[in-house]
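Chemist: Keeping the supplied structure of chain A fixed, place chains B, C and D upon it in accordance with the hints.
Number of protein chains: 4
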Amino acid sequence: MARPGLILKLSCPDQPGIVAKIASYVAGHRGNLIEFAQFTDKLSLRFFARLEIETGELDVDPEDFIEGFGTLGRSMKAQWHFRRLPYKMRTAVLVTKTDHCLNEILWRAEIGELPVEITSIIGNRDTCRGIAGRAGIPFHLIDMDGDKRSAGFTRIREILAEEKVELAVLARFMQILPDDFCRDFEGRLINIHHSFLPAFIGANPYKQAYERGVKLIGATCHYVTADLDAGPIIEQEVERVQHFHAPNDLVRLGRNCERIALAKGIRYHVHDRTIIDGHRAIVFPD
Amino acid sequence: MARPGLILKLSCPDQPGIVAKIASYVAGHRGNLIEFAQFTDKLSLRFFARLEIETGELDVDPEDFIEGFGTLGRSMKAQWHFRRLPYKMRTAVLVTKTDHCLNEILWRAEIGELPVEITSIIGNRDTCRGIAGRAGIPFHLIDMDGDKRSAGFTRIREILAEEKVELAVLARFMQILPDDFCRDFEGRLINIHHSFLPAFIGANPYKQAYERGVKLIGATCHYVTADLDAGPIIEQEVERVQHFHAPNDLVRLGRNCERIALAKGIRYHVHDRTIIDGHRAIVFPD
Amino acid sequence: MARPGLILKLSCPDQPGIVAKIASYVAGHRGNLIEFAQFTDKLSLRFFARLEIETGELDVDPEDFIEGFGTLGRSMKAQWHFRRLPYKMRTAVLVTKTDHCLNEILWRAEIGELPVEITSIIGNRDTCRGIAGRAGIPFHLIDMDGDKRSAGFTRIREILAEEKVELAVLARFMQILPDDFCRDFEGRLINIHHSFLPAFIGANPYKQAYERGVKLIGATCHYVTADLDAGPIIEQEVERVQHFHAPNDLVRLGRNCERIALAKGIRYHVHDRTIIDGHRAIVFPD
Amino acid sequence: MARPGLILKLSCPDQPGIVAKIASYVAGHRGNLIEFAQFTDKLSLRFFARLEIETGELDVDPEDFIEGFGTLGRSMKAQWHFRRLPYKMRTAVLVTKTDHCLNEILWRAEIGELPVEITSIIGNRDTCRGIAGRAGIPFHLIDMDGDKRSAGFTRIREILAEEKVELAVLARFMQILPDDFCRDFEGRLINIHHSFLPAFIGANPYKQAYERGVKLIGATCHYVTADLDAGPIIEQEVERVQHFHAPNDLVRLGRNCERIALAKGIRYHVHDRTIIDGHRAIVFPD
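Chains as they are written, first to last, in the working numbering: chain A, 1 to 286; chain B, 1001 to 1286; chain C, 2001 to 2286; chain D, 3001 to 3286.
These aren't lab readings, by the way, just hints derived from the structure by calculation.
Keep in mind that the hints are not guaranteed to be accurate.
As the list claims (entries may be wrong) - Chain A residues, not near chain B, derived (Cβ > 12 angstroms throughout):
1) L85
2) P86
3) G133
4) R157
Stated by the list, open to error - As a list, the in silico DSS-like pairs of lysine-lysine whose alpha-carbon atoms are at most 25 angstroms apart:
5) K2009(C) - K2164(C)
6) K3009(D) - K1042(B)
7) K3009(D) - K3077(D)
8) K2207(C) - K3042(D)
9) K2042(C) - K88(A)
10) K3088(D) - K1042(B)
11) K42(A) - K88(A)
12) K21(A) - K2009(C)
13) K2164(C) - K21(A)
14) K1021(B) - K3077(D)
15) K2009(C) - K42(A)
16) K42(A) - K1207(B)
17) K1021(B) - K3021(D)
18) K1077(B) - K3021(D)
19) K9(A) - K2021(C)
20) K1009(B) - K1042(B)
Unchecked claim - Covered by chain B, per the in silico footprint, the following chain C stretches (three or more residues, Cβ under 8 angstroms):
21) 2097 to 2109
22) 2252 to 2265
In this text, all values refer to a predicted model and were calculated from it rather than measured experimentally.
For glycine and all other residues, C-beta sits at the position ideal for the given N, C-alpha and C.
Isolated chain A (complex conformation) (with noise of 0.2 angstroms):
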């Protein structure tokens, strides 16, 4: 991803020739395809893709490229997005009073594993505001408690408005957001949930998993929606336990299934490497 370059994400109806066309399209401009996934989902007919390509060669310039593929995307009435790299997606982390995911961002986008650019950390307790102060991150603190709820997540949104946030990522965030909120920021917005969706929906998953008996726990990284804790699922972890962990062991060892399919997800998603499919998510891993 260092190298200059475009990531292409594309989905259309399926139909003959597609993948002759996109890489000719490609090839024709002397573009050299590091990567080309793609998935034709059988049920729906649609073909999905994700192509790397290396731009150093190409015989225009990168932006009339671009602009080019538009002709071709449109004869193949599809949807797609092209992002130019090298790369770094604003981000903000938003937290209540746990750290360990918080935690787990800041130190993979410190050794470049996500190409993120932390614009703030944004929290409804003041708790974590001694890790952003140590990482040279702003930190908002909004109280959102009672009648205050509404006017936090106006103040919420201005933030994300002003510091112009691509990927807003709920780092353990313990409120539920307005539908409104969900809807303008769909697709832009990463939550963690702590249980293997979609089992144990809703407050305290580690304390119904206890009750329930479960053998193993997880973790699920998912888009959110306006319908909670259903968003297209982008990574899950599990990890075995027995019936001698009670529910703060649960709580202890699930965090290992936080900060993994946490990290994954932001970066199969600031790579691009995820495609909004209706409930689910395309996700091709790296």
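Modeler: Chains B, C and D alone, transformed into the frame defined by chain A:
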């Protein structure tokens, strides 16, 4: 398990000196403690244990040893159960069409992994008759379609009684059991559900999993209770899947989970490694 | 795989426009691309691909389509292979005493998971004759003890030739193959090793694993080369173990890994999802 | 672990009545047995146990209780160890350049998952000085290049002695320890090896894994002995990989395994959940 011995399963309110009392009783009669698995539930304050005792050196007859334990057991307000080894549990397998779980059980019984004696195979379809025949096991075809359902279950209960069945395994038996059946055979009915419970309760779990876009599928081996798919979980297995797996791929991959989870679950049960505790099962795996 | 079609496997030096060229050839003759999995090895600069093509609408005879591809293939300095679908690969299974891998293959072939035709079962012990008989498959007992080893392998090669065997599976066949055998059948010999290779090469891997005190055991399905247990790996499975698992417990638990890894490995091979690349195998899983 | 209590670790030759004797001693002095994990190795005929005892109701002083146990322990020819709770183990972390394992330990110590007191961080490179500073932990830079290696280890041993270090963790410390160091700190030195041992001993395990084409990579947390990478294994983790993962992808994915395996391994050690038995470690996980 091949040598003469006893398995003791026990549960009681937690209380001081409980391990000392039980172990002293065993040692006092020269029982050789092979395994003494215990667990104290710190939430319910109940104690659970499973002991495996070699009895070759006992200073009394094993029946006398069992009898004598009663005084101690009652003083601790315990529920307990002894089983004499070696032992083969009389087991009936209920099937419909698919045979992978049945085959798994037969093969594991044959190589000695499952100490069961298969009394008969009971099917509401004729599909598995050939397998039963090749294994030299009686096959009962029970017509349960439409209004014959109730009579069918009556007939199944007769067979279980006639054949002195101790354990009935629902090996992808596609019929919902009547409540009284579940109650009467409580703790002696094991099912394999082809999802990672409590996700995807009910019919067509693989189709549900596909539509939800999960990244891991699973199978759950559990005791059957009147509350559908909500009985105590014995074992669970998962397998990673991706967007390109169509529902029939999930069926194919899920079979691996179903076979392993069911086989392990049955083994734990017949080796007395499970103790049902309300909605949960304590399981001491081997 | 049920409809008429073709699978194309190909590898060649990486070069510009390669995906466009191949896809255009297919589309130009009205082949319907069902799957086009590719991989460019950035270290060796080689390109690998597997295409699945429906041929119902081809504008030429499939043989003509295959013939015509040669010009393109040679221009890319590629190695390639076409297979016409539907297809059943003629497969011999070599065994010694243990039958779990053999049973797995037979069962999966029967339910249609493995598109193989089992030509015969070859054993250097008589143990699996009964299984072969029940499945209606010829069984060859080959005495390989002591000085009969060399003659035994000669006889096995005769059988493979007579029965036009395309794939030989070593399903816990406890004999080391002569070098010339490995060379002559390169890429057509699949073995299951009962450890997580490259750990525990050679004899008694479960005993080695026990003594080393590993916390996970495994099994490895790989192509056989003259270099013992060093051939290209197709699939691996692991299972968690603990200190209380004696070597015979590892044998028991390991069987689960062996069966799954071998069955998946064979499936990948017969579906042309593997491409051998020196010591490694490119595998496009399904 | 927060309440006053004791952990007792013990091993001895297997013998009749051993559980009864130990449990009776505890109960006889009104110790409350929270956990009593045991294991009898049927091959070596040795008995291993870990007891967690609440001492709030003891009829004697804990020191007296410990003292009194000696008579019993000696009669059983046991080796044993008591630890008084609550307890924080004085721990030094040795690093070179990479910081993911160090970060993991610091974070887990901070949230209370690891009951350790980090005495200092010792590096043969300066890279982790900043992290140490932010965490308020002393950092020692030890030059070990070329002919300064021997003096470097002498200095490290001085630091460990001055700081009364009980546990030294090699958190991706890229230096091979001298034999006498390993011997003198036997059982108090924990390493994380970035492969699934015993596969890929020595340098560059991810590169080795790539070249061998494995389908799962792993990490191993183990006690350090003079025999490189051959010490008793405490914990192992694996992650599935495919042909398209280049060596640097394995490094990235492997970090997840390394962090989890090391953190669990340290936790088991400081909670006295491990007993070294020759080349193996008995581990009672939580």
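Chemist: Quickly compare the C-alpha distance for K2042(C) and K88(A) to 25 angstroms and report which way the hint goes.
Modeler: holds, 24 angstroms
Chemist: Given the hinted pair K2164(C) and K21(A), is their alpha-carbon gap at most 25 angstroms?
Modeler: violated, 42 angstroms
Chemist: Say whether it holds or is violated: P86(A) keeps its Cβ farther than 12 angstroms from all Cβ of chain B.
Modeler: holds, 27 angstroms
Chemist: Given the hinted pair K1021(B) and K3077(D), is their alpha-carbon gap at most 25 angstroms?
Modeler: Measuring from Cα to Cα gives roughly 23 angstroms; hence the hint holds.
Chemist: Tell me if the straight-line CA distance from K1021(B) to K3021(D) falls inside 25 angstroms.
Modeler: With Cα atoms ~10 angstroms apart, K1021(B) and K3021(D) stay inside 25 angstroms; holds.
Chemist: Within the assertion that chain B covers the region 2252 to 2265 of chain C, do at least three residues meet a Cβ-to-Cβ distance smaller than 8 angstroms?
Modeler: Answer holds; 3 residues pass the 8 angstroms Cβ test.
Chemist: Given the hint that K3009(D) pairs with K3077(D), test it: the Cα-Cα distance must not exceed 25 angstroms.
Modeler: holds, 14 angstroms
Chemist: Three residues minimum, CB to CB under 8 angstroms: does the region 2097 to 2109 of chain C make the cut for coverage by chain B? Let me know.
Modeler: holds (count 4)
Chemist: Under the criterion that the straight-line Cα-Cα distance not exceed 25 angstroms, is the pair K1009(B), K1042(B) satisfied?
Modeler: Given that 25 angstroms is the threshold and the Cα spacing comes to 19 angstroms, the pair holds.
Chemist: Going straight from one Cα to the other, do K1077(B) and K3021(D) come out at no more than 25 angstroms?
Modeler: The given pair, whose Cα atoms are some 23 angstroms apart, holds under the 25 angstroms limit.
Chemist: Is the nearest CB of chain B more than 12 angstroms from the CB of L85(A)?
Modeler: holds, 24 angstroms
Chemist: Take the C-alpha atoms of K21(A) and K2009(C), compute the straight-line distance between them, and say whether it is at most 25 angstroms.
Modeler: Answer holds: K21(A) to K2009(C) is near 21 angstroms, not above 25 angstroms.
Checked against the numbered hints listed earlier, the structure breaks hints 11 and 13; every other hint is satisfied.
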